[in-house]
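> Position one of the sequence shown corresponds to residue 1 (UniProt numbering), numbered consecutively onward.
Since the hints were derived computationally from the structure, they do not count as laboratory data.
Quick caveat: nothing in here was measured; it's all calculated off a predicted structure.
Simulated restraints on C-beta separations: (1) 29 - 75: 15 to 25 Å; (2) 67 - 35: 15 to 25 Å; (3) 16 - 81: 25 to 35 Å.
C-beta atoms are modelled at their ideal positions from N, C-alpha and C, and glycine is treated no differently.
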Amino acid sequence: MQTTTDNPETPTTPQTLYPARYYAGYDTTAPQPAPVLAWYDTWGMSTTDGLPPAAQLIPVTEQDWQNTTTFRSPAGRGVQDGKIIDYSPPPPPLAQQAQRQLQQAASTTWSLYGMYGESPPAVWQSYLQALRRIATGADTSISLPAAPATQDAATDSASANTASTDTPSVQAQA
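Based on the sequences and whatever the hints tell you, model everything.
The structure is reproduced here in structure tokens:
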């Protein structure tokens, strides 16, 4: 598709607007390293409307473009100082991690205890409360608490329930 510039005698095409053909797109306003958000084969597009200008993209060689195993992968690539680099995103904020762990822990305690009409042991209740405080911002810890062991907790609960049962013993009669 041809478009024109302010000078109608100078037609522009994707090839003139994007001379490198292949590009990586990223948020130019984000702190670097910033993740690669898109890969563009501009010459293969029917229109380049909506694309950032070539000056805001990182040109990619054809050899790198063809390398979908290690270079042009769907994740793990970023931009630093105009170069494409290996990239690992920073971990989510601790409050967000705590919220996810709280949801998982609530599900775990329900499946181990609640669905059987039992209360979770104190260690689980303390863990859930600690996660809730971090998730809401009431606790500004720099790390999440360690989760109680689920197997030990289930075994301890089962042992406690068995020990507290008042079942009369049956003796064999001769």
